[in-house]
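Protein chains in written order, with numbering that gives the first Met the number 0: chain X, 0 to 64; chain R, 0 to 258.
If you're looking for bench data, these hints aren't it; they were derived computationally from the structure.
Just so you know, even glycine gets a beta-carbon here, dropped at the ideal spot from N, CA and C.
Any given hint could turn out to be false.
Examples of chain R residues lying across from chain X (beta carbon under 7 Å, computed) [unchecked claim]:
#1 43
#2 45
#3 103
#4 125
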Amino acid sequence: MELVINGRTASLEARTIQDVIDHYGLAGRPVVVEADGEVLTAPQWADTVVRPGMKIEIVHFVGGG
Amino acid sequence: MISDVLRIGGRTLSSRFFLGTGLFPNPLVQKEAIKASGAEVLTFAIRRINLESPEDDSILQHVQDGDFIYLPNTSGARTAEEAVRIARLARASGLSDWIKVEISVNERTLLPDPVETLKATEILVKEGFTVLPYTSDDPVICKRLEEAGAAAVMPGAAPIGTGLGILNPYNLSLIVEEATVPIIVDAGLGSASDVAKAMELGVAGVLMNTPVAKAKDPVGMAKAMKLAIEAGRLSYLSGRIEKKRYATASSGLDEFKLT
Chain X
0 MELVINGRTA SLEARTIQDV IDHYGLAGRP VVVEADGEVL TAPQWADTVV
50 RPGMKIEIVH FVGGG
Chain R
0 MISDVLRIGG RTLSSRFFLG TGLFPNPLVQ KEAIKASGAE VLTFAIRRIN
50 LESPEDDSIL QHVQDGDFIY LPNTSGARTA EEAVRIARLA RASGLSDWIK
100 VEISVNERTL LPDPVETLKA TEILVKEGFT VLPYTSDDPV ICKRLEEAGA
150 AAVMPGAAPI GTGLGILNPY NLSLIVEEAT VPIIVDAGLG SASDVAKAME
200 LGVAGVLMNT PVAKAKDPVG MAKAMKLAIE AGRLSYLSGR IEKKRYATAS
250 SGLDEFKLT
């Protein structure tokens, strides 16, 4: 399925957000996901079904002031 | 001495040092600098993860073994709307409901946009965040942010990363005088003397990143800043003498002079 992840088109096998997270090896990491503008907490990932063209942002904390 | 603690958003802090986590030469130095600073509040930014090398260490891995309050910022936001979005993402991490509102449009000065900052603060306070807006050193906007429900207000001393020190001590002292929430000087400080001066103006604390992280010895500078905060605070509480134009002998007892 074609998804737009962090601004880039990506083609991957995924049914839910959890699958996307697993695909990138991010399970257990302190990341936050936004899907089509909606912020999702980790417990919501497995229940959120992805759809073609969905805009997904995967973000994390980095150094900053 | 009476106990002198800082309270923000229902939390009691024993350190008045808020430390940024960017620009350190490496994680080990950063960790040591955090330890030397005694800071309890650490700031972070929110960015997209690099999917091409997701094994890149998250900053949190290096600081997780302390009992810190995380203060994510909304850097990168150019509007209130963008800042609110970043704040919501930060909170969804489950790590913190504190947020430093930081909205800049001008890339050269990175000066905060006070109008957008006020808008974002109003929205985020309603959503239950503990909001600490970074803003300009203007007494009126600082008061407006307080009225909007900011848990602390953070005026800049000078533009971010410049190390120019306190450009307008008069404004800063007015901000402190009028405030009923803690005032944290955020950005622009360069050295321990700047920090001591800020604390002597009566601010509740300072937030720094570049002057520590980019110092020749970040760990040494973290310690210096910590001591300057303590010295400046104690000096403020103890009440400095009035400035006078002419000398006053410290020995007194004029009638016993030899000549």
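Check your understanding: Failing hints, ascending?
Key -> 3 and 4
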